[in-house]
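What follows is the residue order along each chain.
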Amino acid sequence: MSSIEQAGLYVHVPFCRTKCPYCDFYSVTDLSLVSRWLEGLQKEVSYYKDRFDTFDTIYLGGGTPTLLEERDLTVLMDSLFQSFSFSPDTEITIEANPDDISLEKLLSFRDMGINRISLGAQSFNDDELRFLQRRHTARQAEKSLELIRASGFENVGIDLINGLPEQTESAWIKTINRALDFRPEHLSCYQMTIEKRTPFGKMSAAGNLKPIDVNRERELFLFTSRFLKENGYIHYEISNYAKDLEHCSRHNLKYWKHNSYLGLGPAAHSFQGSKRWWNAKSIESYCRTLDERRLPVAGTESLSAEQHQLEMLFLGFRTREGIDYEIIQGKPQWRKVISQLDTSGLITIRDGRVVSTLQGFLVADSLSLLFQD
Amino acid sequence: MRRIRNFCIIAHIDHGKSTLADRFIQYTGLVNERQFRDQILDTMDIERERGITIKSQTVTLPYTTRQGKIFELNLIDTPGHVDFTYEVSRALASCEGAVLIVDASQGVEAQTLANLYMAMEHDLVVIPVINKIDLPSADIDRVKKEIENELALDPEEALLCSAKDGVGIEEVLEAIVEKIPPPAGAVRKPFAALIFDANYDSFRGTIISCRVFDGSVRPGDTIRLMSNRATYRVEEVGLFRLTREPKKELSAGEVGYIISGIKTVSDTRIGDTVTLDSHPAPEPLSGFKAAKPVVFSSIYPISTEDYQSIVEALEKYKLNDAALVYEKDSSVALGQGFRCGFLGLLHLEIVQERLEREYDQSFIMTVPSVQYQFTLNDGTKVQVDNPQYYPDPIEIQSSEEPFIKASILIPERYMGAVMKLCLERRGVNSKFSYPVPGRIEISFEMPLSEVVVDFYDRLKTITQGYGSFDYELTDYRDSNLVKLDIMVNGEKVDALSLIVHRDRARQWGVQVCDRLKEEIPRHQFKIAIQGAIGGKIISRSTVSAFRKDVTAKCYGGDITRKRKLLEKQKKGKKRMKMVGSVLIPQSAFVAVLKADNE
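These protein sequences, in sequence, are chains W and P. The opening position of the first sequence corresponds to residue 1 in the working numbering, with each subsequent residue numbered one higher. The opening position of the second sequence corresponds to residue 1001 in the working numbering, with each subsequent residue numbered one higher.
There could be a bad hint or two in this list.
[To be verified] Quick partial rundown of chain P residues pointing at chain W, CB under 10 Å, derived from the structure:
| hint | residue |
| --- | --- |
| 1 | F1338 |
| 2 | N1489 |
| 3 | F1546 |
| 4 | K1548 |
| 5 | T1551 |
| 6 | V1582 |
[What the hints assert, rightly or not] If you anchor each label on the Cβ, the simulated ranges turn out as follows:
| hint | chain 1 | residue 1 | chain 2 | residue 2 | range |
| --- | --- | --- | --- | --- | --- |
| 7 | P | G1465 | W | K336 | 44 to 50 Å |
| 8 | P | E1491 | W | K229 | 31 to 37 Å |
| 9 | W | D213 | P | T1474 | 57 to 63 Å |
| 10 | W | K196 | P | E1491 | 34 to 40 Å |
Since the hints were derived computationally from the structure, they do not count as laboratory data. Note that the coordinates shown come from a computational prediction; the quantities given were computed from them, not determined experimentally. A virtual CB, placed ideally from N, CA and C, is assigned to each residue, including glycine.
Based on the sequences and whatever the hints tell you, model everything.
Below, the structure written as structure tokens:
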């Protein structure tokens, strides 16, 4: 993991060819809006010029960034490079969809300086991919990975989903083994979350989709962690694994460590110091505000010391870096909680930090609630 | 002064005091028909909901006699339940006479007698009245005999009335004027008035209810409270006529109020004497005996920041309920709080409810305890009403607990179930009587501790609401007592500790462990709940850990949302107490007191 003081840059590309029924990120399928969005984005970039110090990550997320035409992506990257300064070893990630991948495209990514690919494979089982309404097949995902390796990317992440309603453990083992065949530097294994406002959320509310039993979900989580550790991966965040410390997602770590980040594009969130702000969600209002020569900020908040502390706790418990023990030691009423959690095997104290164990990861969201002032 | 009569109505609970007071108010035209409502003097919500009088209320009735003379009748309505005897005794000190009501079908009951004795102690003229003569089951001859034999009053003097139907009201009013003497006392003597009640009004300060024995007081005078010599300028004096009615002067014989901007709540003490600063009375009037609590419990704020607010609420509440006694208490688990003493169970419930409703307080109340007596090896005797002060067991030579005589009135068909309950609760020496056909009165000698927790609720449940229960303290008896501690994840929750008879310890321990298991939410870790005597575990239960709550994704756009959700949950947890590392909800402390739902 590299220097923590530098800021991260996120660009939200809010376009998808089709919407996946489980996803609640903001995106639209009307690709005619791309040029308008790109114009807006360039304006937004110019507003933030000189407002942030050096960045050492760029993350093109979505939506589906690989949907963009090569020339649009070039315009985007050029405008970033012209307006901001970057450290020489900047990690530049693009989220990629298997059905968009071609060797040509991959080579153009490399030309633009993109050095990390996060492939949304989700599964290597065609039934599951159909259930998730993905546009690619298992074979296509495998093919994409072959091409990614062939085009010379040495920092590759694969996104997988487990905990699908009818998923068996053996199906999951097959998927995960298939992913390991490509020796990815990074793996994200997300457990399916049924979000209210998604089509899956609506199906679930109507009783047409039964979420997985919590005990099975738990077993899958534990299994995944143990299995990937056996295969040499570090479980460095609830859903994230890396081959070694160098390959943890430098960009994502900033979210969990309260580092600065600037989010560009509709619905993107930014954080600096104790201030957080977020952009208007719809492309239309995002662009219109920028046309009116204003920043498209839809909301801001300034964290109080108490809020900052709460975030530090719940974010800290999600990662293997944990929380500085000094902070806890200063509060006598917290020491008791720490010793209880230690005895219960939910946390451990190492190298001056309080860190969740694997069991602790399972309940990381509420651990912070035990620490009251 | 010759035209003033101060009297009260005393009776066993439900014999019709408040209804008779209603009729007096209507008959004397104090309110018109439109303004009138039943039990008009029961102003508190709790009184109206429960249909009982808790507080004495004062009202001045203008009454024109048959001969056309106008009198001022000061009526003090009093509670009937045994827990509020203290309230009655204070009211009696302000009167010269009492109307003693006896129910025409129930006859003389425990509180009839107790109240009569109290009236006689105060040298009051007693007018017996047989009420509810309209009832089909009324048996006037039998009741007259009871009045003669059990109360030693002249049955021929007993007046007949039906407060419900308004029959015989005038006769009772006439008797009040004729038989009860006018108040003694001299207007020319230095002012002396006895404080028998008080109320706190946030605009006007303390409002003192008092009976003037000598002299008079007017707005502008400077009064002195004799116990602490605090002085105040009188703003207003007056009479109670359902609402406060200001008057130019309050003088000997009258019952009324004084407002003098007393903002320091603790300056006013029930039983104190008010006099004038310029011409003080030579000595204070004899006050009241301090109330003697029999049931004890501690209250703790849920959040430590509410402590001060509870302090103030208790001070103000105490003004209006002199029978409540309290002192500071502290618990390792719950922090700073108060140990409170109550006159009985109903009193405890009423205090709890009034503090919550009228004073907007929320707090944790610990398991009620009685006062135990321990004789130590060196011969000293100690009284312990708080399990925290349970003596070192090695030092204890013998232990005793208070016993009561419990009287339970039920329809005959519930007898088996009620007997079973009483025997479970260590009842002995049962006796039966049949006061009315179909109904049975069971009396038992039982430890008071067995009825302080959930006894009445259980009785009501098994008799489907038909059972009534009353008790009187009798004596202390030897008892094999132990202290039961409750531990949550190894941490002793001292607020749940209890002194209990050894034979009942296990059952109680099991009940508390089961209750807590239901009430304590799942945590991230397993929680062991144990009941222990000394170091020995006698009961246990476990709250299993919850399995998983973490969400898969938490990136830039998720953090604020997640924090807000946690903040909301954190707020919810404010109503919980952190004991060690376990959050115990307020409801858990209440739940352990509830009957098991067999």
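Taking the numbered hints from earlier one at a time, note which ones the structure violates and give those numbers from smallest to largest. 1
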